[in-house]
Amino acid sequence: MEIPYTVKPRPDTGLYNAKLGIWLFLASEVMLFGALFSSYVLLRVGAADGTWSMGLMDVIVGAGNTMVLIASSMFVVLAWAQLKQGDLAGYKKWKWATVGCAVLFLMVKWSYEWPSKFKHYDVWFKDTAVLHAHVNEGYGKVAGTEENKAALRDEENKALGLPRLYAEKKIYVGRYFKTDSKKSQSAFTKAWEDGSLALSGHINGYEEAEIKVEIIGWSSDKGVSEADADKALENQGAKSPDDLRKNGGTLLEKTDYDTAKLAEYKLTKAGYSLALSVVGYQYKEAHPYFWRTGRVNEDIGGKPRVLSIDFGLDVNSGDKKEHHPEVKIFTKDIKRLNSYEPKHSTFFGIYYTITGLHAAHVFGGIIVMLYNLLPIGLATWHRDREQFANRIESFGLFWHFVDLVWIFLFPILYIL
Amino acid sequence: MADSHDSPDFIQYLIKLFYMVGGVLVAGTLITVLIDVLIPMPLVFAAIIGLSIALVKSCFVIAIFMHYKWDKKLIMITWTMVLTFFFFAGMMGLIMWAEGDIPKLHRPELPAIWPILASLLGIILPASFTVLTIKLMNQPAVLESAQTPKSKAKRTTRKKKTT
Amino acid sequence: MSATTEATKTADAAEVHHDEHHDHHEQGFWRTYIFSTDHKIIGIQYGFTGLAFLFFGFCLIAMMRWSMAYEGAPIPFVGPMLEALLGSGVAPGGVMSAQLYNVFGAMHGTIMVFMGIVPAAFAAFGNYVVPLQIGAVDMSFPRINMASFWSFFIGCVVMTVSFFIPGGAAQAGWTSYSPLATIIPTDGQTYWLIGMILLITSSLLGAVNFLVTIINLRAPGLTWMRLPFFVWAQFITAFLLLLAFPPLEAAGILQLMDRVLETSFFLPTGLVVNGTDVDVSGGGSPLLWQHLFWFLAHPEVYVLVLPGMGIVAEVISNNTRKPIWGYKYLVGAVVVLGFLAFIVWAHHMYMTGMGTVISAFFQTTTLLISIPSVIILTCLFISLWGGSIRFNTPMLFALAWLPMFGIGGLTGLPLGFNFSDVALHDSYYVIAHFHYVVAPGTIFAIFAGVYYWYPKMTGRIMSEFWGRVHFWSSLIFMNLIFMPMFAQGMAGMSRRMSDGGATYSLANPDNADAGGALSDTIMGLNVSISAAAWAMLLAQIPFIINLFWSVKYGKKVESDNPWRATTLEWETPTPPPHGNFTKEIKVYRDPYEYSVPGAKEDFTPQAQPSR
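Protein chains in written order, with my numbering: chain A, 1 to 416; chain B, 417 to 579; chain C, 580 to 1190.
Worth double-checking, as some hints may not be accurate.
Stated by the list, open to error - Sample of chain A residues at the chain B side, in silico, Cβ under 7 Å:
1) Gly14
2) Ile70
3) Gly248
4) Gly249
Treat the hints as calculated values from the structure; they're not laboratory data. What you are looking at is a predicted structure, and each value in this text was computed from that prediction instead of being measured. Beta carbons are placed, not taken as given, at the ideal position from N, Cα and C, and that holds for glycine.
The whole structure should be built from the sequences, with the hints applied where relevant.
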């Protein structure tokens, strides 16, 4: 029993099954990405003035990735052409080139573009005065730059009063408006005055709590025997577990957050009740990923887990020693802290979703291409050349669709 | 595809076209980036220019890379594409319209002509589709043994006998 | 280098045919019955799973109806089981809590629509019958067909498992509106979203399969206008699934991101939950979810209804011994119906504050879409005229479908006008309306299909006596359940109230002076409706027994074509072997050549060259 028109096209429709099937599948994909595009348009049009981030994408990198995908699109169809001429070696060459481009595309996206965003932060403040103070301090350090000197000569900026504001305004306007217009100016002024401006930059270091862990008591409610409970204490470094269990006391004088929390988790499971308290703060130089408000504010015995962060602001100070001007932000002043992850804003949410889904399609395509390049898939070529060529043609249609989506994504997300 | 597209000359011609289209796509991308970087303009203009260039690029990809220029006559593909784009446009358009058409206190009551026009649109779309459907249904039946029209090239001997 | 020399060189390799479809000599139990690529097995798999979930979904509502009729009382028999399985948090002392009611309500809808009707009416009958009716050996992509079933199955597993996780299954309605669906802290909604993505993937794969099969694998001579109407119905249904499901998949992904990654696609700015500001960026739109959801969900209801229409057309034509009246009108109507289905969805959203202009557009298209439905129904009614009607069980169900679907369709009209929808939106009137089209509508059509095609699948006929018992009891109880709901809805009873509306009834002392409070009569209907529902549940037992019993003990068929039908599926041996047909199939005539004057018999099969 053989299914007809698997290889040869049916005369009245002119199509073989897989080709028709892939076109229909692409129709459904148009609707899938179309719904995401529609969501994008709706969310963007509905966003209040000055709340939709722009200019945060690296246009050059995006354009480069676009070229890579265009090249891959061309390579995949050249591979098919070689196949139609019976040239298996030529097919392999061009197909491997396609795979290479696809892998390059994903690497640029997943090991450069996305990670660089995950350690970039926006900070919003509870108090307008605190925001203003930080801006003055931070961007005051760039007062000496040529840009700012020029800005001071500009009457309007003189009226606003502060050259360092020029840097912040430039960042804000460049981030939310396509051009420096009256609308953008007034949006900035409003954000400045009501304190809804976010400071953008990197966390260069932070003071994290040093924690004392005390055992308050123990009960056998968790069904753990005394011996096992002692064992648990021993594992956490207790010298005389028996004594600690009966009378309570300090387990760890001063330890870092992770150790303390692990001990708390394990010992609670063993039936202990503990008290964690902050005895001091230790400075750590690091560029963390994915921090959010709750992480810095996390309450430990009434004190925050992170006391302050050294925040490197986004503008270049022109000073070799101090590359980006830095301010010290106390977490008690922070209303919201978020890295450039999906949660940050609807812009980033839709950006990651749509490019993520697209990247998933690229990844799926790589898998299929590998299948058609390795002996397991090439067996079909040796069995029935036309069927194999058809298979490659069908895949090519899918790959071109993936390219088409990116052709629209690039201007929409990177340029507009 | 066992038709005129099997001839080596045609494949060579296609290969040349592929390189050309690749060049067009690269050029389009460069133009888009240059215009954005060099010319400051309001969002609306940037959107129109950027999306128009993208549209042109996509037409080349569909017509040449996806072979649609020669597959246009395959009505299944054409119909699928047309219907899909129509529903995509409808989805986006109607959602945007619904979000925009929300009564607000400060917005004056719209004159009655607008709901009437909207209703007319609601009648015209299915009516045109119905007319199209009736026309299609009344076309003479195509038997599966019929050749596709305009296919004049000889079949190359690619027949494989698999049982 | 010419391709021909290459071809001849590898000709030897071609001799060794190892197309997977050929190697069926030594397939074990697993490949034959579980991981089968044969459309008939897959159809039966879908059928059993679909029917099982229809029953399960019915059990959920049976329990809910107890809460509506006797709120606060423990559910007999089942109550202690619920408490044991789901905990005293949601079922204290066997009483259904409001939260459990919401869970069951959301899952009843989801299960019935996506795990009951779609697999049973579309996938099961479609997979089994369509390739047979077009004279094909299988679906065009058998392995994708198998993948489609297993994706569906895993989706069902995820949905079922979600009942037992802490916090229970989804509880924000089958419509899963944001922000509620996003902020519910337990994981049920997340499982629902993941389950939906799997179910949607299954439907998409299935839709592609159906479309390519119908377009490309029709037997020689089977032109488009010679297709049985059932195939046309499945064709349009597949198109609806193909183009309408992906936006919900996209929306599901967005809602999943809202829940898991705390994005704000559907959460507005300034959202406050339980007195605290939600720590999200805001800027999203709850209405966006509704648009994307209903963009699918409206075509989805036509997906639920169209296969039923197809089944009924087949059964009616066969049992009136007449061609269907108005075949061309039927085809035209179903095609236009498919088109219109995509541009009516916002009639589910009249109450969201849409302006008059856009409402006018959707109102117009909604009213226009009733026209093709009426055309289809009318053609089927007219088909009865002058027929020599055989009142066997499938015909009884098909005949009942006609007025039942008619009631369902007509009662949709006040919902289509936005001025009357203002009063009826989210009331029991809506429930009555859509249940009439789907329950005594599509489910009756499914029953008709089961009784009709059972002889082809098994070689035996189901018991006619028990079939009639099943029919009459189902018909009576179905109407006792849903007809009163129109009255309840018009009296103002809202949907989704676990106490059956007691809070808003006159019996509640708080409402003594309130105009529009629900009267005792209306509230009393809750009891009779619930009783009818439980009776309906019991009435399915003879059917279930009949279904299994008749495989072994049912009356054997005397020929491959016991109903003396014209369509191609009856040309196969019984049951059809792998590959379906033992002779070459060529189609010479229209699908319903019954009682043609001058013909030898009162029916002429499509594949028969001469009368």
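Right, here's what the structure says about each hint:
{"no.": "1", "hint": "Gly14", "result": "holds, 4 Å"}
{"no.": "2", "hint": "Ile70", "result": "holds, 4 Å"}
{"no.": "3", "hint": "Gly248", "result": "violated, 61 Å"}
{"no.": "4", "hint": "Gly249", "result": "violated, 63 Å"}
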